[in-house]
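Counting from 1, one number per residue, gives the positions in the sequence shown under my numbering.
Derived by calculation from the structure, the hints in this document are not laboratory data. Please read all numbers here as calculations on a predicted model, not as lab measurements. One or more hints might be untrue.
Here are the in silico distance ranges between beta carbons for each label pair [said to hold, decoys possible]:
id : residue 1 : residue 2 : range
1  : 349       : 429       : 39 to 47 Å
2  : 160       : 130       : 43 to 51 Å
3  : 172       : 60        : 31 to 39 Å
4  : 82        : 356       : 26 to 34 Å
5  : 129       : 258       : 43 to 51 Å
Here are the simulated lysine to any residue pairs, SDA-like style, with alpha carbons at most 20 Å apart [claimed, not checked]:
id : residue 1 : residue 2
6  : 84        : 138
7  : 444       : 411
8  : 298       : 313
9  : 391       : 448
10 : 133       : 157
11 : 194       : 133
12 : 298       : 382
13 : 173       : 110
14 : 194       : 131
15 : 133       : 89
16 : 453       : 433
17 : 194       : 166
18 : 85        : 68
19 : 90        : 135
20 : 211       : 194
21 : 138       : 153
22 : 444       : 408
23 : 85        : 126
24 : 298       : 314
Even glycine gets a Cβ: it sits at the ideal position worked out from N, Cα and C.
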Amino acid sequence: FFHTENITHRHHTTENRLTMAEGDAMEVDPAPEENKEETKPVDDDDEEEEDIADLVDLLESSEETTKSAADRIPILSSLLMEPKKLFGSKATSLKERAVYSLTRSYCETQQYPQVVDVLTGEICHDFFANITKAKCAKVVRQVLDIVCSLAPNELVMQEQICNNIIAWTKSEKRTFLRQRVEAKLASVLFEQDKYGPALALIDRLLVELKKLDDKQLLVETHLMESKIHFGLQNLPKAKAALTASRTCANAIYVAPGLQASIDSMSGILHCEEGDYDTAHSYFLEAFEQLDQLNDKEKAVPCLKYMMLCRILDSLTRALKLSAKGGVGAKSDRSEVDISGMISGRQGVKYAGKDIEAMSAIAAAASRRSLKEFEEVLQKYDSELQDDLLIKHHLHILNEQLLESNLIRIIEPYSCVEISHIAALIEMSLPVVEKKLSQMILDGKFNGILDQGKGQLVVYDESEKDMAMEKGLQVIENMDKVISSLFERSRALRTMMV
């Protein structure tokens, strides 16, 4: 009963309070001053929008098609150094676009010293000081990508930009951004053929990344390490670094472009080992991914590598050549099948001088014509000689074709004039004479060069002296026995002492 009475009392008290509140609300008149105070934030927003509108006008005026890159530079610089120093969300977004446009304008006008000062100079100092670290890292990476895409050959300028950013990140203690820029600097040094400094930078960077376990950057860094070791012709370490990159890539999602780079590097290493069939499959995987991304600039080299592997693999089987360059004398032209290397769609999409050059090489190789082969190399010099992998393997292919054709020519003869061989193979006499001497020294055939008469004397293959070989084998076995007895006697002397 008492409990119910208390509840009733509380209910009446609450009703009285509500009634008083309603009465108070009815008695109070609305004050116009409060309405004015409520609209003040709207006025502030309007003022800020007006200020941002000025920035928008500057940015839009710089993006007009009638203005050249040189005319855009002062407009964008004034936008970034505006006196009001607005750094709201909208103003920051506009200034970020201005930084990208200013970088493009400097690159288009080839003002590369100003490009170096874009990130670390006075123009963007206030902008970087008032944005978050994540936004700052994004802007720096984007600016680096713009510079590398618009000025790919200005490697010295790219190196200077990276060094300036690294010095700034060390002073600001921004470790993650510094590691990203150092990885980019390593790739720039690699493009400059500065393998020593690039490898030292990679080794130091890998120690830090393994402690942080940054898988994404580890994949890219190990891949660059593999490329550097390949440039130094250290294939075992290149394969080890590529294996480490693949191991890290299996634990995370890898972008198609990066996966294509890994597959392309795998194909290059297999190509160097003479496994052209496996290399072709890796290049095909990389090409399909780049084709889906419509990255024609990177897809064309992969297509050229595919054609190179098909040419080398077909001729290796036809000429019965080993990966070391051993020559087989007899082969039929029908054994070489280089047709159908690219489909009709690929031929239309990627048609150009690069594909024409590889097709001409394929035609010359299938006909075993060294003269036509050299003419193709001279005609498409930039397309075939600028790429180190293609240049190296085309040199091997040229040597293999030359040796094969020379052996086929001299096979019926026991004594033949060198001038006659040079006329048949359609090459100069000094080149043929030098190559024949190399083949004799390499043991490709038995013979001598009689330079006084200008003749090549070919000897028949003599049977090996089995007695001599067995005698050498007995001596080798006796050496092993004496060495083992000497080791045992030394052990016994040690025990007796």
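Hints, verified against the model:
no.: 1; hint: 349 - 429: 39 to 47 Å; in the structure: holds, 46 Å
no.: 2; hint: 160 - 130: 43 to 51 Å; in the structure: violated, 26 Å
no.: 3; hint: 172 - 60: 31 to 39 Å; in the structure: holds, 33 Å
no.: 4; hint: 82 - 356: 26 to 34 Å; in the structure: violated, 53 Å
no.: 5; hint: 129 - 258: 43 to 51 Å; in the structure: violated, 33 Å
no.: 6; hint: 84 - 138; in the structure: violated, 25 Å
no.: 7; hint: 444 - 411; in the structure: holds, 12 Å
no.: 8; hint: 298 - 313; in the structure: violated, 23 Å
no.: 9; hint: 391 - 448; in the structure: violated, 32 Å
no.: 10; hint: 133 - 157; in the structure: violated, 25 Å
no.: 11; hint: 194 - 133; in the structure: violated, 31 Å
no.: 12; hint: 298 - 382; in the structure: holds, 17 Å
no.: 13; hint: 173 - 110; in the structure: violated, 32 Å
no.: 14; hint: 194 - 131; in the structure: violated, 35 Å
no.: 15; hint: 133 - 89; in the structure: holds, 15 Å
no.: 16; hint: 453 - 433; in the structure: holds, 13 Å
no.: 17; hint: 194 - 166; in the structure: holds, 19 Å
no.: 18; hint: 85 - 68; in the structure: violated, 27 Å
no.: 19; hint: 90 - 135; in the structure: holds, 14 Å
no.: 20; hint: 211 - 194; in the structure: violated, 27 Å
no.: 21; hint: 138 - 153; in the structure: violated, 24 Å
no.: 22; hint: 444 - 408; in the structure: holds, 12 Å
no.: 23; hint: 85 - 126; in the structure: holds, 8 Å
no.: 24; hint: 298 - 314; in the structure: violated, 25 Å
In this structure, the hints that do not hold are numbers 2, 4, 5, 6, 8, 9, 10, 11, 13, 14, 18, 20, 21, 24, in rising order.
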